[in-house]
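Protein chains in written order, with the working numbering: chain A, 1 to 839; chain B, 1 to 190.
Everything labelled a hint here was simulated from the structure, so no lab data went into it.
Even glycine gets a Cβ: it sits at the ideal position worked out from N, Cα and C.
A hint or two may mislead.
[Said to hold, decoys possible] Straight-line distance between alpha carbons at most 20 Å, and here's what the computed SDA-like set of lysine to any residue pairs gives:
hint: 1; chain 1: B; residue 1: Lys91; chain 2: A; residue 2: Gly112
hint: 2; chain 1: A; residue 1: Lys140; chain 2: B; residue 2: Glu117
hint: 3; chain 1: B; residue 1: Lys91; chain 2: A; residue 2: Cys106
hint: 4; chain 1: B; residue 1: Lys91; chain 2: B; residue 2: Met174
hint: 5; chain 1: B; residue 1: Lys172; chain 2: A; residue 2: Arg220
hint: 6; chain 1: B; residue 1: Lys91; chain 2: B; residue 2: Lys172
hint: 7; chain 1: B; residue 1: Lys172; chain 2: A; residue 2: Asp223
hint: 8; chain 1: B; residue 1: Lys91; chain 2: A; residue 2: Asp105
hint: 9; chain 1: A; residue 1: Lys140; chain 2: B; residue 2: Asn114
hint: 10; chain 1: B; residue 1: Lys91; chain 2: A; residue 2: Leu104
hint: 11; chain 1: B; residue 1: Lys68; chain 2: B; residue 2: Met154
hint: 12; chain 1: A; residue 1: Lys88; chain 2: A; residue 2: Ser71
hint: 13; chain 1: A; residue 1: Lys88; chain 2: A; residue 2: Asp14
[As the list claims (entries may be wrong)] DEER-style ranges, computed between Cβ atoms:
hint: 14; chain 1: B; residue 1: Gln177; chain 2: A; residue 2: Trp222; range: 21 to 31 Å
hint: 15; chain 1: B; residue 1: Gly141; chain 2: A; residue 2: Arg75; range: 51 to 61 Å
hint: 16; chain 1: A; residue 1: Thr697; chain 2: B; residue 2: Ile145; range: 45 to 55 Å
hint: 17; chain 1: B; residue 1: Arg187; chain 2: A; residue 2: Pro134; range: 42 to 52 Å
hint: 18; chain 1: B; residue 1: Phe84; chain 2: A; residue 2: Arg16; range: 47 to 57 Å
hint: 19; chain 1: B; residue 1: Gln177; chain 2: A; residue 2: Asp279; range: 28 to 38 Å
hint: 20; chain 1: A; residue 1: Trp222; chain 2: B; residue 2: Val56; range: 55 to 65 Å
hint: 21; chain 1: A; residue 1: Arg75; chain 2: B; residue 2: Ala112; range: 47 to 57 Å
hint: 22; chain 1: A; residue 1: Lys135; chain 2: B; residue 2: Gly88; range: 25 to 35 Å
hint: 23; chain 1: B; residue 1: Pro180; chain 2: A; residue 2: Asp290; range: 53 to 63 Å
hint: 24; chain 1: A; residue 1: Glu114; chain 2: B; residue 2: Pro180; range: 36 to 46 Å
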Amino acid sequence: MPRPQPEEITFTIDGREVQAPAGLMLADAAKLGDVDIPVFCYEPKLGAPVGACRMCLVEIEGIPKLQTACSTPVRDGMVVDTTNDRVKAAQESVVEFLLLNHPLDCPVCDKGGECPLQDISYGWGRGESRFVEPKRHFQKPVELSPLIAIDRERCILCYRCVRFSQEVSEDYQLVLHERGADTFVGTFDGHPYSAPFSGNIIELCPVGALTSQAYRFRARPWDIEQSGSVCTMCPGQCNVSYTVRDDRVQRVLARDNDAVDDGWLCDRGRFAYQGAYVDERVTRPLVRVDGQLRPVSWERAEQEAVKLLGRSDGDGHTVGALAGSGTSNEEGWLLRRILTETLGSRDLDSRRDGALSAGLMAALDAPEAQATVEDLQYAHAVLVLDTEPVDDMPIVDLRLRKGHRRHGVRLMVAGSRPSSLDPIAEHSVRFAPGAGEAFVVALDAAIGGVGDVAGPAAAAGADPAAIEALAKDLREAGEDVVILWGERLTAGAPAAAEGSDPGANAARGLLKIAGRLGLTDDRAGAGLLQIPSSGNGRGLREIGFLPTAGPGYREPEDPGRDARGIAEALVDGELTVLHLLHADPLRTHGDRDLWQRALGAATGVVAHAQFLTEGILEHATVVFPAEAGAEKEGTVTHPDGRLQRLRPAAARPGEVRATWRTLARLLVALGGETSALTVMMVTAEIADAVPFYAGITHDEIGGFGVRWQERDAAAAFPQGETGPFTLDAPRSAASSNGALRLGTFRSVWSTPDVEHAPALRFLTPRQRAELHPDDARERGIGHGQRVRVSTGDGGAAVRAVAHLRQSAPRGSVFLEAGLAAESADAVSGPVVLVETERA
Amino acid sequence: MSRTGTTSHPASDGLGLLSDDVVAVQRGPEPGGLAGAYRIFGETLRGLKTTFGQVVAGTTTVEYPEEKVPVYPRFRGRHRLHTFEDTGLEKCVGCSLCAAACPADCIRVVAAENDPEDRVSGGERYAAVYEINMSRCIFCGYCEIACPFDAITMGHDFELADYNRSDLIFTKEMLLQEPPVRTPLRREGE
Ligand code: SF4
Ligand code: SF4
Ligand code: SF4
Ligand code: SF4
Ligand code: FES
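Given these sequences and hints, build the entire structure.
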């Protein structure tokens with residue numbers, strides 16, 4: 001969809017001629033002429049202005065009444081006055097009016113010192129009130145949710161929070177109750193406001209009516225420093241600003257970057273910082289002595305790690321490595337060098353399951369096929385394929401909603417589990433869990449109009465007619481189509497399926513679809529956007545933290561083992577040592593049984609971790625305390641290729657040291673060479689090795705990041721696999737005779753940082769089994785009943801609470817993976833039995 | 001020797017000075033001679049008159065610290081934090097306004113939320129930590145002016161010396177206490 005390209009117009013404000021893009025609201029256009037118009041309810045991020053507060057009144061020549069600058073677009077030749085007596089009188093009256101019911105308890109108000117109402121009262125108010133009648137009273141403060149406190153006396157009824165809930169996050173929970181002077185903000189029936197993005201209303205509220213429970217009374221603006229960085233908890237990599245007092249992060253605010261996060265944050269990014277300051281955090285190096293992890297000196301821990309990693313059993317290497325969310329490019333790079341250069345191992349993986357060849361990855365990530373986050377908002381149509389944005393990359397969920405609501409983007413969803421986007425999606429096509437490959441093959445046939453749709457659709461457990469309808473609309477939507485797809489689509493199959501490689505087949509299918517829709521021919525605004533499984537998945541992929549690709553997708557001579565292969569090799573004794581960089585496979589990788597055996601068989605496990613999660617507590621031999629996001633320096637790469645910079649904001653507690661430095665020391669101790677004295681020098685090593693990162697520096701990345709596709713060096717991107725692709729017959733989704741197909745998902749709340757952040761702990765998910773009411777009825781299961789989910793052959797079972805969803809596909813059951821207890825990873829089979837639990 | 005005049009210095013041109021810019025300095029009479037000796041004698045006598053005058057005036061030394069000079073009511077000495085007389089609750093709500101006003105940046109306030117069951121202050125919040133670093137305080141009294149609740153006032157005590165710098169960081173508990181020794185206050189007309 002063509003983006004708006006407004007022409008420049010000239011208007012006059014307070015006697016000054018100012019150039020501004022046509023259609024800009026006067027309140028914003030005035031800033032271009034250095035004129036400040038006070039606003040309360042106006043916030044461009046919320047979409048169309050509502051003109052609720054009347055603070056922004058100005059006089060426009062030719063219009064008899066004063067106008068609201070926030071909802072009046074500038075026009076050529078407009079003459080505006082913001083300073084004459086009439087306007088001044090109006091402004092003073094509005095301030096006086098807003099303060100009628102305002103308690104003015106600034107000294108105890110958390111907003112004091114950074115409060116627009118204070119600033120505007122000083123700047124534009126009369127300075128005194130004539131109001132002597134009693135003010136309205138509410139109970140204060142009230143808990144709006146465990147994260148947010150509301151003080152209704154301070155509310156000026158600007159509607160911002162309500163508009164956010166109704167029009168941005170679309171959770172529709174906040175409403176205004178009553179009318180007139182009795183109006184107050186609340187939820188239906190006083191239920192807690194619980195939504196993944198609820199924390200944003202704290203930042204939106206222009207007064208101290210909504211305050212953060214976690215930050216309440218922690219500091220005043222003059223006690224703190226703001227320090228910009230990037231959140232590394234999920235691939236969204238939102239730009240954040242840490243509020244630091246006494247060397248600790250006290251709060252996280254959004255740092256608006258339209259190309260990444262649009263100025264919003266999810267509640268995990270906003271509150272999980274608390275996990276850095278709990279007693280459970282590992283702050284000293286630990287070594288296992290007599291079966292117990294005991295604190296030791298850094299020197300001792302490093303010696304132990306070097307001893308383990310450097311031990312060679314004569315033939316071949318013995319070490320495998322996994323990197324998880326929170327790993328910066330530099331850390332991944334140094335660990336990669338330790339493995340490939342000093343230990344001769346290529347067994348390293350940053351994907352969750354299944355390796356893809358370097359050529360296919362390069363084809364999927366090619367600059368000409370790359371869509372950006374902003375493209376999602378202006379595309380003609382977006383296909384959300386095998387991913388649930390609100391779980392996998394929360395912030396992009398808001399972008400999709402914005403595109404749909406404000407720009408008419410046609411949203412189409414294809415996945416196994418019901419999506420939170422279904423209500424606004426034009427198509428919601430379901431396929432069986434794990435049948436992404438078959439679905440892609442069917443969709444390709446349907447879009448191309450060649451070949452058989454019904455066959456692969458049956459294999460996918462999907463409705464062929466729905467696929468045809470989806471294909472037709474995708475084809476006809478217009479030339480700007482974006483496919484937002486999840487890494488899971490190309491997960492590949494457990495080693496059993498010899499010969500065919502479903503992951504590669506799905507990738508080829510996706511490339512074919514992209515080719516048919518014209519997404520690969522370098523059209524700005526159209527393309528593919530992959531959501532990786534870990535926070536810096538793209539960065540780790542591009543520096544070559546993969547078994548099948550070197551730096552810059554270089555094809556390696558002999559590929560190594562992927563995550564699953566590493567586990568199997570550990571079990572078989574071919575590998576004996578595992579190096580875990582911010583990963584605990586029992587939490588981060590599926591198939592708990594396999595990993596438990598693998599970790600049990602390993603003779604040494606070196607881990608960098610913030611928390612002693614199960615796998616690390618029970619199996620790690622050496623634990624290095626890992627840095628929290630706010631303590632880290634380095635770079636990360638956003639899924640759309642934007643290199644972003646992490647800057648340390650807070651001190652590292654206890655004896656925590658920089659992870660990159662530990663890795664650099666290990667590298668040298670193991671006989672490698674690095675001259676890196678600073679993180680920037682490691683970045684320079686990466687820039688030398690990855691052709692399309694050539695010459696990148698921290699300075700160039702700057703505060704808002706830079707997409708490597710927009711730099712000259714992008715020309716050095718390697719040629720990926722090219723078509724024409726032929727697709728294999730897809731693997732059929734496991735049949736469901738009696739048993740249900742098991743689908744898993746990871747919500748954004750199933751991570752150790754959420755469990756350990758006091759403010760977020762209440763959100764830690766408990767296992768529930770989602771299934772269709774008909775499937776439940778057949779098994780005599782009611783909503784809320786306790787059930788057992790197992791493979792039925794005496795293997796492990798997961799206890800869950802049945803959760804019936806009308807929109808769940810028949811024949812499937814969904815369990816959450818990555819939980820600390822009763823995680824779906826315990827059940828490994830594709831088909832499972834669900835039974836009511838016998839007490 | 002010329003008594004007045006300009007010294008021509010090579011750099012003076014470099015400084016751009018014109019001779020008009022140079023101001024002549026009036027000097028006293030040349031020393032030496034009878035007149036000089038007379039003047040010296042005269043001045044010495046004048047000095048001695050003051051000295052002997054003081055001898056008869058008697059002593060005015062205050063035997064500090066045994067004796068203390070009363071201070072004026074508006075003297076700004078060691079701070080006091082106050083409580084409400086009736087409820088005993090602290091007046092300070094931990095708003096940090098004093099810390100914002102303090103030009104020496106020597107007040108540190110960390111606020112916390114009141115437990116309604118066990119209140120510390122009257123408002124929603126209270127000062128969990130309230131510290132004044134007396135070694136940096138300049139006794140300007142801005143904190144007192146800034147406080148919206150008259151929770152902090154400047155007292156009259158100035159004897160704050162200590163052997164240890166860290167003992168000069170006064171905590172909330174210390175500031176809530178009466179000072180150990182009271183400084184006498186000057187009475188009306190004194
Ligand atoms: S609570 Fe805040 S954001 Fe919401 S309407 Fe009131 S003043 Fe506006
Ligand atoms: S969406 Fe992701 S990157 Fe953004 S704040 Fe949340 S966890 Fe962080
Ligand atoms: S008297 Fe002045 S310098 Fe001393 S604490 Fe108060 S404001 Fe600060
Ligand atoms: S002494 Fe007064 S100004 Fe200082 S924190 Fe307490 S209430 Fe606020
Ligand atoms: S800012 Fe214009 S009416 Fe509120």
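Evaluated hints:
1. For a cut-off of 20 Å, the pair hint linking Lys91(B) to Gly112(A) stands: about 18 Å separates their Cα positions.
2. Between the alpha carbons of Lys140(A) and Glu117(B) the distance comes to roughly 15 Å, so the proposed pair stays at or under 20 Å and holds.
3. Under the criterion of a C-alpha separation no larger than 20 Å, the hint pairing Lys91(B) with Cys106(A) is consistent with the structure, at around 15 Å.
4. Only pairs whose Cα atoms come within 20 Å are accepted, and Lys91(B) paired with Met174(B) is accepted, the gap being roughly 15 Å.
5. Distance check on the hinted pair: Lys172(B) and Arg220(A) sit about 19 Å apart at the alpha-carbon level, within 20 Å; holds.
6. Note on Lys91(B) and Lys172(B): the hinted pairing holds, with a Cα-Cα distance of about 12 Å set against a maximum of 20 Å.
7. Of the pairs offered as hints, the one joining Lys172(B) and Asp223(A) holds, with about 18 Å between alpha carbons and a cut-off of 20 Å not exceeded.
8. With a C-alpha separation of about 14 Å, the suggested pair Lys91(B) and Asp105(A) falls inside the 20 Å cut-off, and the hint holds.
9. Between Lys140(A) and Asn114(B) the CA atoms are separated by roughly 13 Å; this keeps the pair inside 20 Å, and the hint holds.
10. A distance of roughly 18 Å separates the Cα atoms of Lys91(B) and Leu104(A); the hinted pair therefore holds under the 20 Å criterion.
11. A distance of roughly 19 Å separates the Cα atoms of Lys68(B) and Met154(B); the hinted pair therefore holds under the 20 Å criterion.
12. For a cut-off of 20 Å, the pair hint linking Lys88(A) to Ser71(A) stands: about 19 Å separates their Cα positions.
13. Annotation: proposed proximity of Lys88(A) to Asp14(A) holds, straight-line Cα distance about 13 Å (limit 20 Å).
14. About 28 Å separates the C-beta atoms of Gln177(B) and Trp222(A), a value consistent with the hinted range of 21 to 31 Å.
15. Range check, Gly141(B) to Arg75(A): about 55 Å between beta-carbon atoms, so the 51 to 61 Å window is met.
16. Taken as a hint, the range 45 to 55 Å holds for the pair Thr697(A) and Ile145(B), whose Cβ atoms sit roughly 50 Å apart.
17. Remark: the range hint 42 to 52 Å for Arg187(B) to Pro134(A) is upheld by a beta-carbon distance near 45 Å.
18. The hint said 47 to 57 Å for the Cβ distance between Phe84(B) and Arg16(A), and at roughly 54 Å that hint holds.
19. Range check, Gln177(B) to Asp279(A): about 34 Å between beta-carbon atoms, so the 28 to 38 Å window is met.
20. Between Trp222(A) and Val56(B) the C-beta distance comes to about 59 Å, which sits within the given range of 55 to 65 Å.
21. A C-beta distance of roughly 53 Å is found between Arg75(A) and Ala112(B), which places it inside the suggested range of 47 to 57 Å.
22. In this structure the supplied range 25 to 35 Å holds for Lys135(A) paired with Gly88(B), their Cβ-Cβ distance being about 28 Å.
23. Taking 53 to 63 Å as the suggested C-beta distance range, the pair Pro180(B) and Asp290(A) conforms, at roughly 56 Å.
24. The hinted range of 36 to 46 Å is satisfied by Glu114(A) and Pro180(B), whose Cβ atoms lie roughly 40 Å apart.
When the structure is compared with the earlier hints, no violation turns up for any of them.
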